[in-house]
Amino acid sequence: EENERREGFSDMERAWAIMALRTALQTEAGADIPWNLVEGRLQLSTQRRQDLLRLLRFSPEGQAIVMRYGWSEWTLRPLHMALNSGELSPEEATDMLRVLADSPEVTISVVNALIEGYRQRADAQVSGEETQQTQLSTQSTRHNTGKDGLQRLSRLKRGVEQLRTQLPRSADQATRQVWRSEVEALRDSLNDLLEQL
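Position 136 (the sequence shown) corresponds to 136 in this note's numbering; numbering is contiguous.
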């Protein structure tokens, strides 16, 4: 790593160089080559190579921003790890790199704060969407209850009209009195319902 710093290359340029060297060696060999050959040529440890190649997770635009500002892989680690885990999309990561480009100072703490702000906004949005879904569900339930109530009242009205035409007028007095009691009870229930509306 010390040798790399003396060479004056950014971590992004190093990542590109690793891939370019591997491609050249594979073309020369005409076959896939193991990473340890690339690491040996560049005097890199496996861990350092892996760290540098993580910068390639960023979109081409994001990589250009990283190269332009010379940020280290270590500084951007929280960002490319969030990208790798799927917490951020490539577009969101690129947007965050644009924000960092406007920051007076870019440190791992600044990157962490930026990601934490994103998480809080995302959590608030999810919470807001859940609240909205609950409200829509409640409205839907109210609407369905209202719709169901209208259907029941409509059926009741049709039933009463059918009953009126079908009741035999010739029923005896006792039968008619039972029906009358039931109709009065129904009327009282309807009056109670009417008062609630």
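Since the hints were derived computationally from the structure, they do not count as laboratory data. Heads up, some of the hints might be wrong.
[Said to hold, decoys possible] No more than 25 Å apart at the CA atoms, straight line, and that leaves these computed lysine to any residue pairs for SDA-like:
1. Lys-157 with Arg-187
2. Lys-157 with Val-110
3. Lys-157 with Leu-193
The model shown is predicted, which means the values in this text are computed figures rather than measured ones.
Each hint tested on the structure:
no. : hint                 : verdict
1   : Lys-157 with Arg-187 : 12 Å, holds
2   : Lys-157 with Val-110 : 69 Å, violated
3   : Lys-157 with Leu-193 : 14 Å, holds
Hint compliance for this structure: hint 2 alone is broken.
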